[in-house]
Each structure stands twice: as C-alpha cells, then as structure tokens.
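Student: Sequence:
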Amino acid sequence: MPSPVLTEVIFGLGHENIQATHHSTVEFTKDKHLTRNGDCILIVAADKGLADLDAQFRAALQKPHAKLTIKIEAADVSEEIHAEGSPKLALTHPVEMVLRKSDFASDRTLGVHADKAAKDLSRKLVEKLKNPHQKAKITLTIHF
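Per the numbering used here, the very first residue in the sequence shown carries number 1; after that it's consecutive.
Since the hints were made in silico from the structure, they are not lab data.
There may be inaccurate statements among the hints.
[Unchecked claim] In silico DSSO-like cross-links for lysine-lysine, where the CA-CA straight-line distance does not exceed 30 Å:
{"hint": "1", "residue 1": "Lys128", "residue 2": "Lys30"}
{"hint": "2", "residue 1": "Lys48", "residue 2": "Lys128"}
{"hint": "3", "residue 1": "Lys137", "residue 2": "Lys124"}
{"hint": "4", "residue 1": "Lys135", "residue 2": "Lys67"}
{"hint": "5", "residue 1": "Lys137", "residue 2": "Lys119"}
{"hint": "6", "residue 1": "Lys101", "residue 2": "Lys135"}
{"hint": "7", "residue 1": "Lys67", "residue 2": "Lys137"}
{"hint": "8", "residue 1": "Lys101", "residue 2": "Lys63"}
{"hint": "9", "residue 1": "Lys137", "residue 2": "Lys88"}
{"hint": "10", "residue 1": "Lys71", "residue 2": "Lys48"}
{"hint": "11", "residue 1": "Lys124", "residue 2": "Lys32"}
{"hint": "12", "residue 1": "Lys63", "residue 2": "Lys48"}
{"hint": "13", "residue 1": "Lys116", "residue 2": "Lys30"}
{"hint": "14", "residue 1": "Lys101", "residue 2": "Lys128"}
Turn these sequences into a full structure, and let the hints steer you where they fit.
Tutor: What follows is the structure, given as structure tokens:
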C-alpha cells in the first residue's frame with residue numbers, strides 16, 4: 001500500500017546576490033532583499049514562510065518518520081533535495097524556511113538530515129537563480 005502524501009507549492013524569485021555556497025543549509029525566504037552574506041539563500045520573495053504552510057502539512061512533517069522531498073524548479077532546470085521531518089520542528093517562522101544537513105531544529109527549520117546544502121546544488125540551477133527576474137517553484141512533498 002503506498003504511503004500517504006501531502007504537497008505544498010511555493011513560488012519565489014531569484015536574486016543577483018544568490019551564491020549558494022553554504023556547506024550545511026539551504027534557505028528560502030519571503031524577504032525581497034539579499035546581501036552577499038546570505039550564502040545559504042537560494043530563493044527570495046517566496047509567497048510562503050513556514051507559518052503559512054497548511055496545518056495538516058505541518059503536523060505531518062512533525063511525525064517521527066516523515067520524509068520530505070523538496071523539488072526546486074527554475075526555467076528548464078530542476079533539482080531535488082531529500083530531508084526528514086521531526087517532532088522537534090516548530091514550523092512557525094513567518095518569513096524563512098531552512099533545510100539543514102544536521103538535526104538542529106529552530107522555528108526556521110523546514111527539514112533536517114538534508115542530503116544537500118546550498119553548495120551541493122547544481123551550478124546550472126544557481127546561475128538561473130542569479131537572475132532577479134527568474135521565477136522559481138518549490139514543491140514540498142511529505143511521505144509518511
């Protein structure tokens with residue numbers, strides 16, 4: 001029997017200061033401005049923060065064995081990141097979503113034990129997202 005699935009879709013934009021060089025995290029933010037210091041940020045002007053996700057989706061992500069797939073699409077390029085949910089996730093930040101390779105959880109954490117950080121992402125995707133006019137789609141899918 002297939003496992004239950006829940007999906008959320010988020011839209012955002014690229015930015016000229018996207019670097020995607022952080023070694024342990026990837027971040028999506030509703031903020032529209034980005035400095036060169038934000039080396040984990042991949043997408044800005046997102047239409048949702050963690051607090052905006054559906055309550056049922058957030059509850060499922062807090063289950064101990066929830067598996068999260070994050071598909072990032074920009075023009076003709078896409079990439080997936082796989083992470084896990086956790087009962088430790090607060091999922092309450094109004095602006096940011098952070099994927100972490102570690103098991104650290106804060107109100108900004110979307111998923112833990114991610115198989116990729118910003119530096120691991122395709123440079124083709126990163127180059128697309130350096131264009132501030134580039135639209136991006138993030139599809140979050142939970143299997144539990």
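Student: If a hint holds in the structure, say so; if it does not, say that too.
Tutor: We went through each hint and held it up to the structure:
| no. | hint | verdict |
| --- | --- | --- |
| 1 | Lys128 with Lys30 | holds (19 Å) |
| 2 | Lys48 with Lys128 | holds (21 Å) |
| 3 | Lys137 with Lys124 | holds (16 Å) |
| 4 | Lys135 with Lys67 | holds (26 Å) |
| 5 | Lys137 with Lys119 | holds (19 Å) |
| 6 | Lys101 with Lys135 | holds (26 Å) |
| 7 | Lys67 with Lys137 | holds (20 Å) |
| 8 | Lys101 with Lys63 | holds (18 Å) |
| 9 | Lys137 with Lys88 | holds (27 Å) |
| 10 | Lys71 with Lys48 | holds (15 Å) |
| 11 | Lys124 with Lys32 | holds (22 Å) |
| 12 | Lys63 with Lys48 | holds (21 Å) |
| 13 | Lys116 with Lys30 | holds (21 Å) |
| 14 | Lys101 with Lys128 | holds (24 Å) |
Of the numbered hints given earlier, the model fails none.
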